[in-house]
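Chemist: Sequence:
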Amino acid sequence: MDATGTSLVAPSNYWELGNSGTWILFIKVTGLSVYGGTVDARGHAYWQCRRYGKSCTAGARSVSLFWCNNVVVSGLRSMNSQTMHMAIDNCNNVVVKNVKIRAPSSSPNTDGIHIEASTGVTISGSTIMTGDDCISIGSGSKNLWLERIACGPGHGISIGSLGDNANEDGVQNVTVTSCVFTKTQNGVRIKTWARASNGYATNIVFRNLIMKNVNNPIIIDQKYCPGNQGCPRQSSGVKISRVTYTNIRGTSASKVAMNFYCSSSNPCWGLKLQDIRLTYLNKAATSYCANAGGWSYQEVVSELCTCMNNNSFMTSPPPFVVINYL
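Going left to right, the sequence shown walks through residues 4 to 329 as our numbering numbers them.
Everything labelled a hint here was simulated from the structure, so no lab data went into it.
Careful: at least some of the hints might be erroneous.
[Unchecked claim] Subject to a maximum C-alpha distance of 20 Å in a straight line, what follows is the list of computed EDC-like cross-link-like pairs (lysine to aspartate or glutamate): (1) Lys145 <-> Asp172; (2) Lys57 <-> Glu19; (3) Lys215 <-> Glu150; (4) Lys100 <-> Asp43; (5) Lys103 <-> Glu150; (6) Lys275 <-> Asp224; (7) Lys100 <-> Glu119; (8) Lys226 <-> Asp167; (9) Lys258 <-> Asp224; (10) Lys226 <-> Glu171; (11) Lys145 <-> Asp167; (12) Lys31 <-> Glu119; (13) Lys145 <-> Asp92; (14) Lys215 <-> Asp278; (15) Lys145 <-> Glu171; (16) Lys103 <-> Asp5; (17) Lys258 <-> Asp278; (18) Lys31 <-> Asp92; (19) Lys186 <-> Glu150; (20) Lys100 <-> Glu150; (21) Lys100 <-> Asp5; (22) Lys103 <-> Asp43; (23) Lys145 <-> Glu119.
[Claimed, not checked] Each pair of labels, with its calculated beta carbon distance range: (24) Lys215 <-> Ser127: 16 to 26 Å; (25) Ile30 <-> Ala169: 24 to 34 Å; (26) Lys275 <-> Asp43: 37 to 47 Å; (27) Gln277 <-> Gly233: 35 to 45 Å; (28) Gly56 <-> Gln277: 43 to 53 Å; (29) Lys258 <-> Asn101: 34 to 44 Å; (30) Lys258 <-> Ala169: 28 to 38 Å; (31) Asn95 <-> Arg236: 35 to 45 Å; (32) Asn22 <-> Lys275: 42 to 52 Å.
Just so you know, these numbers come straight off a predicted model, no measurement behind them.
Even for Gly, the Cβ is constructed at its ideal location relative to N, Cα and C.
Modelling step: build the complete structure from the supplied sequences, incorporating the hints.
Modeler: Below, the structure written as structure tokens:
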């Protein structure tokens, strides 16, 4: 399907699109290829409705792939989606390359690409500017490769939130490499609900990343509980292990450039930190570390966090540790 030079523009009345839930839907398709094209969902009126708390439709995703196999999406341009720009759900062997996604930084829930319960997804050579996650990864996803992504504005690249359900599949074998984050809320994030779950995230690699004035360049947040609803005073059951951070450089917009808020009942283990240089106002950044263990190498000093002892984790690490980057 060659859509080069073709533009689709949504109706001016956002209710017409918003009631559908999704605008362009591919379901149970094998061997799909989409090249080029522009879709403009004209989401501004919908966002305004959301902003002022009016009775609004649920909103629509712009492009959705459900239960599809062997898919290539190349050169697509998506603008101003009401909610997510692209959803990849229960799919296998999907390649997304050279796409451009754009929505204002103030637009709510306009994730660039969301991956859920999918295997073998590659996203490369793309520019994503949104009001939410540039790329988000949900439960049941594995064997993902994200490369050469320019992210920002937005909330960064996120695994999660995981643990919303007590019984859910985990996330494994994810590589994020050669990406640039510009003025994003987060760089690379793993986020889990602070309540019981059998979920997990393991074998994750973040490498060769550049941060430009990012609020939270590196973060694991296992205390996610918006509005303190359904999880107050609970601990996350999601198990996080074997996460590697290598060659991550740039500037932080906050003094604390790296946050590991791991679960007290299921500490993070097997974290590996190597060759990390992050600064704040031209000085060494700092870090917070709780309930996490692993290793640090080369340009990350061995005292990165006292809970980061060789091949171990501690359940009661010190609450705050200052990091000096060489």
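Chemist: None of the hints should be skipped; say for each whether it holds.
Modeler: Status of each hint after checking the structure:
no.: 1; hint: Lys145 <-> Asp172; in the structure: 10 Å, holds
no.: 2; hint: Lys57 <-> Glu19; in the structure: 17 Å, holds
no.: 3; hint: Lys215 <-> Glu150; in the structure: 17 Å, holds
no.: 4; hint: Lys100 <-> Asp43; in the structure: 19 Å, holds
no.: 5; hint: Lys103 <-> Glu150; in the structure: 14 Å, holds
no.: 6; hint: Lys275 <-> Asp224; in the structure: 17 Å, holds
no.: 7; hint: Lys100 <-> Glu119; in the structure: 18 Å, holds
no.: 8; hint: Lys226 <-> Asp167; in the structure: 12 Å, holds
no.: 9; hint: Lys258 <-> Asp224; in the structure: 17 Å, holds
no.: 10; hint: Lys226 <-> Glu171; in the structure: 18 Å, holds
no.: 11; hint: Lys145 <-> Asp167; in the structure: 18 Å, holds
no.: 12; hint: Lys31 <-> Glu119; in the structure: 15 Å, holds
no.: 13; hint: Lys145 <-> Asp92; in the structure: 12 Å, holds
no.: 14; hint: Lys215 <-> Asp278; in the structure: 17 Å, holds
no.: 15; hint: Lys145 <-> Glu171; in the structure: 13 Å, holds
no.: 16; hint: Lys103 <-> Asp5; in the structure: 16 Å, holds
no.: 17; hint: Lys258 <-> Asp278; in the structure: 19 Å, holds
no.: 18; hint: Lys31 <-> Asp92; in the structure: 11 Å, holds
no.: 19; hint: Lys186 <-> Glu150; in the structure: 19 Å, holds
no.: 20; hint: Lys100 <-> Glu150; in the structure: 9 Å, holds
no.: 21; hint: Lys100 <-> Asp5; in the structure: 15 Å, holds
no.: 22; hint: Lys103 <-> Asp43; in the structure: 12 Å, holds
no.: 23; hint: Lys145 <-> Glu119; in the structure: 9 Å, holds
no.: 24; hint: Lys215 <-> Ser127: 16 to 26 Å; in the structure: 20 Å, holds
no.: 25; hint: Ile30 <-> Ala169: 24 to 34 Å; in the structure: 28 Å, holds
no.: 26; hint: Lys275 <-> Asp43: 37 to 47 Å; in the structure: 43 Å, holds
no.: 27; hint: Gln277 <-> Gly233: 35 to 45 Å; in the structure: 37 Å, holds
no.: 28; hint: Gly56 <-> Gln277: 43 to 53 Å; in the structure: 46 Å, holds
no.: 29; hint: Lys258 <-> Asn101: 34 to 44 Å; in the structure: 37 Å, holds
no.: 30; hint: Lys258 <-> Ala169: 28 to 38 Å; in the structure: 36 Å, holds
no.: 31; hint: Asn95 <-> Arg236: 35 to 45 Å; in the structure: 40 Å, holds
no.: 32; hint: Asn22 <-> Lys275: 42 to 52 Å; in the structure: 47 Å, holds
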